[in-house]
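Undergrad: Sequence:
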Amino acid sequence: MADSPIVRAASLAVAVLWMLAAGIAYGQNAQIPTPAPTAENASPAAAAERQGSQPLNNAPVWREVRSGAPQVTTVVGRETNVLIQPQGETWRASRVPIVFWGGMLFAVTVLGLAVFYMIRGPLDIGPDEKRGGRLIERFAPMDRYAHWLLAITWVTLAITGLILSLGKSVLLPLIGYTLFSWLAILAKNLHNFVGPILIVAVPLMFVRFIRDNGVGVDDLKWFLNIWGYFTGHEHPSGRFNAGEKIVFWFVLVILSTLLVLSGLVLVFPNFDQTRSTMQLANVVHMLSAYIAIALALVHIYLGTIGMIDAYKAMRFGYVDESWAKHHHTRWYEDVAAGHARQHFADPKALPPAVSSTRTRPA
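In terms of our numbering, the sequence shown has 629 at position 260, counting the first letter as 1, and numbering is strictly consecutive.
None of these hints come from the bench; they were simulated from the model. This one's a predicted model, so the numbers in the text were calculated from it and none came from an experiment. Think of the CB as a built atom: it goes at the ideal place given N, C-alpha and C, for glycine as much as any other residue. Mixed in with the good hints there might be a few duds.
What the hints assert, rightly or not - Simulated restraints on C-beta separations:
1) GLY583 <-> PRO510: 21 to 27 Å
2) PHE640 <-> VAL563: 15 to 21 Å
3) GLN456 <-> TYR514: 28 to 34 Å
4) GLN642 <-> PRO510: 37 to 43 Å
Let the sequences and hints guide you as you build the complete structure.
TA: Right, here's the structure in full:
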């Protein structure tokens, strides 16, 4: 038992952790070297001459401060010996176009979806297709729990993030300083405390839905014929079409991972990261958030008012077979042939809430 691989691996892991801890402790207690004086201030005679001809001229001192060069301090820690970080001004200036264009992307997306809804209306099955047939279980209970955990968390973070980034320009002139300050404090605390839930919600969603989100040739054909999706002549797709797979891989896997990692850097500065690291994390966080919010808006639109019965599928877990056959032909064929994990529902086993919403007029 003492020589088992598990014990040896655990011993090695403990040893590595102790060495890392010792290295960190040594680094934190190390003496900060005194920087060499600059040529401008190296000569006492030059300094005395300058004070004689230009009394109270501290320009050389402030030039050194502005340079960001490390000096001497009794406080031990990252960058505690740097009085001013000039890169902070670059970071502040870079946020202005990001917030502007991010806000424009958000506004254009909302406006575009509103115009599309007014012109096209909600998507539905064909006029010759009738509801009222058998029901198919599209989402198992655990699928729905994972989805709603992520959805509620994500929407909360999106709203609070938009308040924090756009509120000063959009909301402050409308509601005034007092009300906006309360709203901003609430948004900041919600954002900071709800954000870590993504650490659980994103992997859970990934595990539940990865199996049916593989990319194939049919997805490329669907994407090339994307206009048919909005005109009622969409290319046959599996359980999830190419648009849904883009949301899965790009928003859930890539952008949400960037948001989680950059958010942890910003929320927990006690990780001893530098200010430059936090500024980079802030830029990555904002860019990822604006792009993800725009794509998520399209997903939310199609999952609620943009497509009839799509919301009921995620709320109750079941869809009519005519809906499945029209929107996800390949998946319907797999279910009918018994090749899919999903199956036709037993009418006697349906919950009352599902039975009462089985049909809906077009």
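Undergrad: Looking at the structure, which of the earlier hints fail to hold?
TA: Checked against the structure, the only hint that fails is number 3, while the rest are satisfied.
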